[in-house]
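Position chain B against the provided structure of chain A, taking the given hints into account.
What follows is each chain in one-letter form.
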Amino acid sequence: MSRDLDLEQRYRRVLRLLPGWYRDRWEEDMAATLLDGWLTGDPEADEHISKAARPEWAEVASVAGLATRLYLGAAGAPRRYFAWGQAIRRAALAVILVHAAAGLDVLVLTAWNRRLFGLPAPPASLVTASPAGAWPTVFHAAGYAWIAVFVMLVLGHYRVARILAALAIVPDLVFLLQGQFTGTLPAPAVGPWAFWVLVNLVPVAAMAAFHRDAPPTARRPWLLALPANYLLVVVPLLVLRATGNSAWLPDFPGLCCILVALACMAHAPRAWSRQADGSGVWSLTLTLLAAVAGAYRIITLSDYLHDPHLIKVSLAELLILAAAAALLAPDAARAQAATPAPPPHLYPDPG
Amino acid sequence: MTGQAFFVLTALADGPRHGYGIVGEVAELSQGRVKLKIGSLYGVLDRLAAEGLIEPDREEAHDGRLRRYYRLTRDGRGALAEEAELRAATARVVRARLGLTGPAAAGAAG
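First to last, the protein sequences are chains A and B.
Be aware that the first sequence starts at 1, since it is given in the numbering used here, and climbs by one per residue.
Be aware that the second sequence starts at 1, since it is given in the numbering used here, and climbs by one per residue.
Treat the hints as calculated values from the structure; they're not laboratory data.
Cβ atoms here follow ideal geometry from the backbone N, Cα and C, with glycine treated the same way.
Heads up, some of the hints might be wrong.
Claimed, not checked - Beta-carbon label-pair distances, calculated as ranges: (1) Ala45/A / Arg58/B: 27 to 33 Å; (2) Ala96/B / Arg115/A: 48 to 54 Å; (3) Gly41/A / Thr90/B: 38 to 44 Å; (4) Ala27/B / Met265/A: 38 to 44 Å; (5) Leu301/A / Glu55/B: 55 to 61 Å; (6) Tyr144/A / Arg58/B: 53 to 59 Å; (7) Val197/A / Leu98/B: 49 to 55 Å; (8) Leu86/B / Ala129/A: 44 to 50 Å; (9) Pro227/A / Leu98/B: 41 to 47 Å.
Unchecked claim - Here are some chain A residues the structure puts well away from chain B; computed CB gaps all over 12 Å: (10) Tyr22; (11) Leu116; (12) Val138; (13) Gln178; (14) Pro221; (15) Pro236; (16) Arg241.
As the list claims (entries may be wrong) - Stretch by stretch, here's where chain A covers chain B in the computed footprint (C-beta under 8 Å, at least three residues): (17) 13-26; (18) 30-43; (19) 62-69.
In isolation and in its complexed conformation, chain A is listed as follows:
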């Protein structure tokens, strides 16, 4: 019997991947089902199996997948997990929206530079070279791929979106690794790596929150967000560049801080009214985005150590972001209790 516990203990170790509240409800049943799959009822054979057998990788992977779905807000998950799952999904969508708008920007500029649809010649500051050779073409394709990733994600084609997103971040990684090994990246190269990790890798990893048990995304507002983002963010930036006022443009980490700060301030009245349903999840989402934008800004400060003015500007951006995010902190904290309750469960919590 003690040897029987060996296999059982191995299984229970795997089941520890699951949240505690779920284990309280299902662990005994899951362990029994897993052991039923191995044990034969013959004491001698079972003793040998218990000693030698290991949980199959497919079983471990399925438990890990279930754990991911539960931690990131599956149906029936407690409010806290549901709120975090929703916030991570929205934050990932927001970052991917920025990528998609950038892809749209490249698409529009390419069309403009080629004078498609009878467009006039672009101003000199917006003239871009047509991609020649394999690499530039790959980078352009990766930029366009984000548009497809965003649309697929909103429409619920999660697997396609994940595959496309994973492919879209590869060219940047190859470029960074190549630059690192050939010495073509300017030292200390913190900014490009921070961009790749925080703006590429993290949202792609966060796409794990779009699982089969996740509630569907509100299609209409998110699909409308793409042209809105293009018109309200990208076009003003284009105008600044086209009119020779690029000096007014913050760098990308600074732009992220300002945009997230503006979003926080726009949401603050709802967050403080305490009457708007679901405002807390948006507060949590924006707090998450502020954390990522703040981390990005802090990490890239090292790029400006030679210029005290740029350091001051960056710190000001950081301060504005922190103040704006602080406005939402109480609502974000409440979100974990205020999110609508999940469906009733089979078993009540023990005790």
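Below, chain B alone, put in the same frame as chain A:
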């Protein structure tokens, strides 16, 4: 309704079953095409229970472990019948469009 949920409900249609019993029945019903892993099975059971389509039936001791049996609820039986009808209707349409002969195609034509 997902394919896995459909098979799990079908496995419980003729009586209560415990977790491993459901895994075996689903494999048999699907002729080996659907092999439920533990994470998938309990994800489905959890969801079906939350939707009120299944409920616990009883617990039995077996080799020192407790086996929990599940059964269909009235809603679960209704949902399964509805899904089965939907799938059968779809299959009839497909067979008719493919020009396949047999009772299903004849039923669709009639």
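The hints, checked one at a time:
1. Distance hint for Ala45/A and Arg58/B: a CB-CB separation of about 28 Å, consistent with the stated range 27 to 33 Å.
2. For the hinted restraint 48 to 54 Å between Ala96/B and Arg115/A, the CB-CB distance of approximately 53 Å keeps it satisfied.
3. A beta carbon spacing of about 42 Å between Gly41/A and Thr90/B agrees with the range 38 to 44 Å that was offered as a hint.
4. For Ala27/B and Met265/A, the Cβ-Cβ distance of about 56 Å falls outside the hinted range of 38 to 44 Å, so the restraint is violated.
5. Taken as a hint, the range 55 to 61 Å holds for the pair Leu301/A and Glu55/B, whose Cβ atoms sit roughly 58 Å apart.
6. Our hint of 53 to 59 Å for Tyr144/A and Arg58/B holds, since their Cβ atoms are close to 57 Å apart.
7. The hinted window of 49 to 55 Å between Val197/A and Leu98/B holds, with their beta carbons roughly 51 Å apart.
8. The supplied range of 44 to 50 Å is broken by Leu86/B and Ala129/A, whose beta-carbon atoms lie about 55 Å from each other.
9. Judged by the Cβ atoms, the range 41 to 47 Å given for Pro227/A and Leu98/B holds: they are separated by roughly 43 Å.
10. Its closest Cβ contact with chain B, about 8 Å, brings Tyr22/A to no more than 12 Å, contrary to its assignment away from the interface.
11. Annotated as non-interface, Leu116/A keeps its C-beta farther than 12 Å from every C-beta of chain B; the closest such distance is 42 Å.
12. Every CB of chain B lies more than 12 Å from the CB of Val138/A, the least distance being 36 Å, so the non-interface label holds.
13. The non-interface label for Gln178/A is consistent with chain B: the shortest C-beta to C-beta separation is roughly 39 Å, beyond 12 Å.
14. Every beta carbon of chain B lies more than 12 Å from that of Pro221/A, the smallest distance being close to 27 Å; the non-interface claim holds.
15. The beta carbon of Pro236/A sits about 45 Å from the closest Cβ of chain B, which is more than 12 Å, so the claim that it is off the interface holds.
16. The non-interface label for Arg241/A is consistent with chain B: the shortest C-beta to C-beta separation is roughly 49 Å, beyond 12 Å.
17. Beta-carbon proximity to chain A at under 8 Å applies to 4 residues in the region 13-26 of chain B; the threshold of 3 is reached and the given coverage holds.
18. By the rule of at least three residues with a Cβ nearer than 8 Å to a Cβ of chain A, the coverage given for the region 30-43 of chain B holds, with 7 such residues.
19. With a threshold of 8 Å between beta carbons, the proposed coverage of the region 62-69 of chain B by chain A holds, since 7 of its residues qualify and at least three are required.
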